[in-house]
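Q: As a plain string of letters, each chain reads:
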Amino acid sequence: AQSVTQPDIHITVSEGASLELRCNYSYGATPYLFWYVQSPGQGLQLLLKYFSGDTLVQGIKGFEAEFKRSQSSFNLRKPSVHWSDAAEYFCAVVPGDSSYKLIFGSGTRLLVRP
Amino acid sequence: KAGVTQTPRYLIKTRGQQVTLSCSPISGHRSVSWYQQTPGQGLQFLFEYFSETQRNKGNFPGRFSGRQFSNSRSEMNVSTLELGDSALYLCASSLRGEEQFFGPGTRLTVL
Numbered sequence: 002a003q004s005v006t007q008p009d010i011h012i013t014v015s016e017g018a019s020l021e022l023r024c025n026y027s028y029g030a031t032p033y034l035f036w037y038v039q040s041p042g043q044g045l046q047l048l049l050k051y052f053s054g055d056t057l058v059q060g061i062k063g064f065e066a067e068f069k070r071s072q073s074s075f076n077l078r079k080p081s082v083h084w085s086d087a088a089e090y091f092c093a094v095v096p097g098d099s100s101y102k103l104i105f106g107s108g109t110r111l112l113v114r115p
Numbered sequence: 196k197a198g199v200t201q202t203p204r205y206l207i208k209t210r211g212q213q214v215t216l217s218c219s220p221i222s223g224h225r226s227v228s229w230y231q232q233t234p235g236q237g238l239q240f241l242f243e244y245f246s247e248t249q250r251n252k253g254n255f256p257g258r259f260s261g262r263q264f265s266n267s268r269s270e271m272n273v274s275t276l277e278l279g280d281s282a283l284y285l286c287a288s289s290l291r292g293e294e295q296f297f298g299p300g301t302r303l304t305v306l
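Going down the list, the sequences are from chains A and B. Everything in the first sequence is counted per this note's numbering, starting at 2 for the first residue and increasing by one. Everything in the second sequence is counted per this note's numbering, starting at 196 for the first residue and increasing by one.
Calculated directly from the structure, the hints in this document are not laboratory data. Each hint can be trusted.
Heads up, simulated PhoX-like pairs for lysine-lysine below, C-alpha to C-alpha not over 25 Å straight-line:
1. Lys196/B with Lys62/A
2. Lys196/B with Lys50/A
3. Lys62/A with Lys50/A
4. Lys50/A with Lys69/A
5. Lys252/B with Lys50/A
Full structure from sequences and hints, please.
A: So this is what it looks like as structure tokens:
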């Protein structure tokens, strides 16, 4: 079945430490790939996107993500986490089957230790 | 450029009532999508409108409906509310559909 998997429900890191959030998808074609962040009680903010081309994409707030076709993965990284990064992070895909619905993973909640 | 706006931000209704939520997309965007977010089911796609036509539909009952106006503003309606309809309803706008920008959401509570 077509799906987006975020295997980590919660992740806790210390402020200043590096971060990697995992995302795997199962679609035949290369979908459009996104990472969104949601703070409590808020909507979703787009961090970055991958459509084609360079597989390492840069986003806002110092985030980057790498698309690996062989692993069907699109992991989000940040070299040094700030306390304000504490939020929930969602990986999403547009399947590329001519529909434009976003399919979301279940999210990863990031906690930052001072 | 102003972002996506949604009204109202909070709603409390009782079972059996109906509700209408409104979304104003980013100026120039012609695609509006709606999503439901619940703790149990996560984020689920409801439907997408492009130039006043429903282009995609998710797997929700017919009680959930929507429309889009000529100015790209969109409304979604839920009739005969059930307790399980309590959720955060998110609207997203896009130029053509790929890159979607979200509003703050409408928190619906059904009592």
